[in-house]
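Given these sequences and hints, build the entire structure.
For reference, the chains in residue letters:
Protein chains: 2
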Amino acid sequence: MSLLVTGSIGIDTVASPHGSVDSVLGGSAVYFSFAAAHYVPVRLVAAVGTDFPAEFRKTLEDRGIDLAGLEVREGSKTFRWTGKYAGDMNEAETVAVELNVLAERGPTVPPAIADSETVFLANTHPTLQRELLAQVTAPKLVVCDTMNLWIDNERDSLIETLDKVTGVIINDAESRTLTGKAHLIDAGEVILAMGPKFVMIKKGEHGAMLVTPEGPVTIPAFPTKDVRDPTGAGDSFAGGTLGYLTAKGQHDPQTLAHAMVRGTVAASFTIEDFSLGRVKNLTTDQLNQRVDKFLGMLRFE
Amino acid sequence: MSLLVTGSIGIDTVASPHGSVDSVLGGSAVYFSFAAAHYVPVRLVAAVGTDFPAEFRKTLEDRGIDLAGLEVREGSKTFRWTGKYAGDMNEAETVAVELNVLAERGPTVPPAIADSETVFLANTHPTLQRELLAQVTAPKLVVCDTMNLWIDNERDSLIETLDKVTGVIINDAESRTLTGKAHLIDAGEVILAMGPKFVMIKKGEHGAMLVTPEGPVTIPAFPTKDVRDPTGAGDSFAGGTLGYLTAKGQHDPQTLAHAMVRGTVAASFTIEDFSLGRVKNLTTDQLNQRVDKFLGMLRFE
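These protein sequences, in sequence, are chains A and B. Numbers 1 to 301, taken from the working numbering, label the letters of the first sequence in order. Numbers 1001 to 1301, taken from the working numbering, label the letters of the second sequence in order.
Source of the hints: derived by calculation from the structure; they are not laboratory data. This one's a predicted model, so the numbers in the text were calculated from it and none came from an experiment. Do not rely on the hints blindly, as some may be mistaken.
Residues from chain A that face chain B, not an exhaustive set, calculated with beta carbons under 10 Å [claimed, not checked]: (1) 88; (2) 92; (3) 150; (4) 185; (5) 190; (6) 205; (7) 225; (8) 261; (9) 290.
A virtual CB, placed ideally from N, CA and C, is assigned to each residue, including glycine.
See below:
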């Protein structure tokens, strides 16, 4: 029951119609970890620069996240992202990005955590995803994310990565770009044919769809008005999903559908505040109460 | 347990990426009636011209729809609509429209069916909706639809109509135009403040949302690849929803949520073929099987 995530750690500056924050903790691996840690211990593999604030490290440590794989690289600077949301806030506009340490070599998986059973490869260059995966001894469940940058420019490498994973978690627009299919069930089936055993397609405020050889399952998003900052929603979804799957130790279609509910609820908390504002001190009881509320909404007996 | 629908009957010509049909039976009242007739007898109030084909009348009669309120107007022609769908087929492009009888005075509710308990006012001029409603003696449940044309050009009249109905069934874009709110829960709450006790917002392939004072409930669409022609999906949704509510004789939030499931499943059949191709001979057993399949997908116990 061990879960390893590789991805970015960022220092984010974000503005939305509901406020703004400057230089706060962010990044795919961070949002993933906070969601997954409700279910299983999380091992984080990522690189930051020497400018990474001590208080950010403490935030991760306080949540019990294993930082053996957090590389603080001398002479490098941490990834920084500035984004803003407008209108219905469905998509971020990137105002500025400093890749910094992300433009260098990838981080290394320390031998002590190379025995991890579940691996989440957050969005990064698909070749780097395979290099990271190759350092894990015998993973039982491997899931990756990706983005349009790699779909457009590194398609061959991405397809090679997709052939090595158990599942893919991807958003609707990305699934369409990857497959050329407008209909999401078609897109999911084309991705299945590339190798993965399951595909979860994130649809933002419209929920998520699971596609397996047994057919599609769709669920709505948790209905909420409290959307202050969507940053990290997708990675929180992945974290809740893979945390649950790792705790269950199986990933049959029914368990995958259950896991998707957990991912959806995890994301619903993340978007209620900037950065980790809402999820930092979220208790597992509070999380489970919302899972129950969500399932109650979908109970039609 | 009596359900009256007023709306259009059309002769439709439709093209989609999956084929085309010429001069087939369509119209909001027709799609509504075929969906609702699985639950309760349906009384149709609408006007057609003398060009209305005998076989179309027979199609309605064969389904057991009460045509006492079907006015065949001498010297008039039936409403005709030509539309096409492209890409993801989420929106119809109107290629040609001949209002014909729809541009004349509205139809009359015959005294014999003026005792109807449930009334659905399909999309038409909001003043005409009120005139039609005024002819029903003591309705217990009144629901209306509308469209951007009236929201933009007849806003005061529409608001007057909204104050006289129990509920509204509207699509997402219309709810945003009507309220100026981007977020659908906000939009639903603004509409509630205009008078209705509930709002159902149709989101096409993304499902539907119910908004009542007790809070929002969202459900996904029934996941299907077999989308040949979306025409009539919204009116089928309304028909399945109001047929179920009329049969139940109540419209508390929980029953409304159940009804929304029935509407969703009704629409999922309509879109599988052009015109009434799929729903004309659909049995209630087949309908209920899909309701069970859909509820099974949402069962997470």
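Here is how each hint holds up against the structure:
The beta carbon of residue 88 (chain A) comes within 4 Å of a beta carbon in chain B, closer than 10 Å, and the hint placing it at the interface holds. Of the supplied interface hints, the one on residue 92 (chain A) is violated, with its beta-carbon coming no nearer than about 16 Å to a beta-carbon of chain B, more than 10 Å. For the restraint placing residue 150 (chain A) at the interface with chain B, the shortest Cβ-Cβ distance is roughly 24 Å, beyond the 10 Å limit, so the hint is violated. For residue 185 (chain A), the interface hint holds, the least distance from its beta-carbon to any beta-carbon of chain B being 5 Å, beneath 10 Å.
Checking residue 190 (chain A) against chain B: minimum C-beta separation of about 12 Å lies over 10 Å; hint violated. Of the supplied interface hints, the one on residue 205 (chain A) holds, with its beta-carbon coming within about 8 Å of a beta-carbon of chain B, less than 10 Å. Below 10 Å, beta-carbon pairs count as interface contacts, and residue 225 (chain A) has one with chain B at about 5 Å; its hint therefore holds. About 6 Å separates the beta-carbon of residue 261 (chain A) from the nearest beta-carbon of chain B, less than 10 Å, and the hint is met.
Of the supplied interface hints, the one on residue 290 (chain A) is violated, with its beta-carbon coming no nearer than about 13 Å to a beta-carbon of chain B, more than 10 Å.
Of the numbered hints listed earlier, those contradicted by the structure are 2, 3, 5, 9.
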